[in-house]
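A.B. asks: Please build the complex by placing chain B on the supplied structure of chain A, with the hints as guidance.
Residue numbers (the working numbering), protein chains in the order written: chain A, 24 to 266; chain B, 24 to 266.
Honestly, the hints are just simulated from the structure, not real lab data.
A few of these clues could be false.
Copies of the same chain are indistinguishable here, so a pair counts whether it falls within one copy or spans any two.
Heads up, simulated SDA-like pairs for lysine to any residue below, C-alpha to C-alpha not over 25 Å straight-line [unchecked claim]:
| no. | residue 1 | residue 2 |
| --- | --- | --- |
| 1 | Lys235 | Arg77 |
| 2 | Lys73 | Glu158 |
| 3 | Lys235 | Gly245 |
| 4 | Lys266 | Met243 |
| 5 | Lys141 | Ile46 |
| 6 | Lys235 | Gly219 |
| 7 | Lys235 | Glu218 |
2 protein chains.
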Amino acid sequence: MRFTSEQRLDDGVLEREFTLGEIPGILWTPGSASAPAPLILLGHPGGLHKMYPRLVARARHSAAEGFAAATIELPGSGDRPRSAAAEEARADLRRALEAGEPVDDEIVDRLVLPLVEKAVPEWRTALDALLSLPEMGGPVGYAGGVIAIGIRLAVVEPRISAALLFAGSFVPRILFEEARQVTIPLQVLLQWDDEGNDRQLALDLFDAFGSKEKTLHANMGGHTGVPQFEGDDGNRFFARHLK
Amino acid sequence: MRFTSEQRLDDGVLEREFTLGEIPGILWTPGSASAPAPLILLGHPGGLHKMYPRLVARARHSAAEGFAAATIELPGSGDRPRSAAAEEARADLRRALEAGEPVDDEIVDRLVLPLVEKAVPEWRTALDALLSLPEMGGPVGYAGGVIAIGIRLAVVEPRISAALLFAGSFVPRILFEEARQVTIPLQVLLQWDDEGNDRQLALDLFDAFGSKEKTLHANMGGHTGVPQFEGDDGNRFFARHLK
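The shape of chain A in the complex, shown without the other chains (with noise of 0.2 Å):
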């Protein structure tokens, strides 16, 4: 892990970027942390520099709580080596959406599988690097999309004692499976009026976890239309279990 730039922002949180291998990446720590700060992993689409003034404001908000922030680069993602069969799978999606088809789960498969099973390992991995820093130690949440990262890295991951995941769409069936297998405390946020997204399978995903703990926030509001209020209730969340 090789820290490429380093800067403070105005409410004191260190933002720097790293790269780990090919992977780039942004810690933030907050301005103020004594004790090793919780951390907690922000997932995303992909593409860290469109997605960046979403997952600063995100950090800034939980290292307002204490929390440390962290997030990588997708595989095939902005500045990474795009991947022809995910391309192809892209744009198959692409293609069945804009006719108002249904998205056969074998599309799904094909453009979501390779993709958990290829970022899962970075995510853990960046996860050693982390934690091997002197500021870092303590508990450590996921928070956000892609929802079958989440679910995954839920279940291998035994450093994550806490997951806060953003309910999405295009769900490989097996991940359904992988669900029951979860038993960390979950939040689960779902905009009820998403058109991107499948109301039904976000509920029956819901209700597959095997988490004792499990709570779902629906909101009114499309894809991006997150209550910020949101946010504090994630804190808070994260608060209960990692602190």
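C.D. replies: Same frame as chain A, but now just chain B:
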């Protein structure tokens, strides 16, 4: 409105029992109220005495955030005269449930509609009396079941600015139509695995509400298993809308 008893609870909350004609009720006001406190009407399924432990816990939790809280007995519950028709409908409901049969809309209508017709004007009269007290006068919220009463109140009572509704089954079809007319901010609590509750009906009802700001909080556990943190979430919901 006549106060019949008064006691100061150990956290400083003033608890006063009152009668409003034949209707008994309880008013809780925070120990340290300076300005007129916003008032939360505490809905419940009937039986003030039996419900007292849960009601006083909710009232104290609200008072800790500066809210007054009040409740009244429902028609046909507690020490109030029974209605033969309601008792008959209740017996029919019990029979259907014990036989594992689906509950006819007709039974639900006979059970709930007269209750709504009678209870809602009583709540409004109580509101008149409560708001005429010198220590009252802020905005008003409604929190709790019976959800059918909450829906009707939200539609007809303009002094209610926000409602925290507990999802319950046995909602007459006509109240789904009324739900579309509700425009105040809502938070709806759903116990996901509540055996006595029809989950799909609760989701359909949440969908039906006309409010632009509505949030669904679904949690695990049965009817009385609402997690403690939802009390805090409820306070924050009302703080956003009543302060």
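A.B. asks: Indicate, hint by hint, whether the structure satisfies it.
C.D. replies: Here's how the hints hold up against the structure:
Proximity of Lys235 to Arg77 under the C-alpha cut-off of 25 Å is restricted to the inter-copy arrangement: shortest distance 23 Å between copies versus 30 Å within a copy. Proximity of Lys73 and Glu158 under a CA criterion of 25 Å is satisfied in neither setting, with 28 Å inside one chain copy and 52 Å between copies. In this assembly of identical chains, Lys235 and Gly245 lie within 25 Å of each other by CA distance solely across copies; the values are 12 Å between and 29 Å within a copy. Taking the shortest alpha-carbon separations for Lys266 and Met243, only the inter-copy value of 22 Å comes in at or below 25 Å, while the best intra-copy value is 30 Å.
For the identical chains of this complex, Lys141 and Ile46 are intra-copy neighbours only, at 12 Å inside a copy versus 66 Å across copies, given an alpha-carbon limit of 25 Å. With identical chains, the CA atoms of Lys235 and Gly219 are at most 25 Å apart between copies only, with a shortest distance of 19 Å across copies and 29 Å within one. When the C-alpha separation of Lys235 and Glu218 is checked against a cutoff of 25 Å, the pair qualifies only between copies, where the shortest distance is 16 Å, while the shortest distance within a copy is 30 Å.
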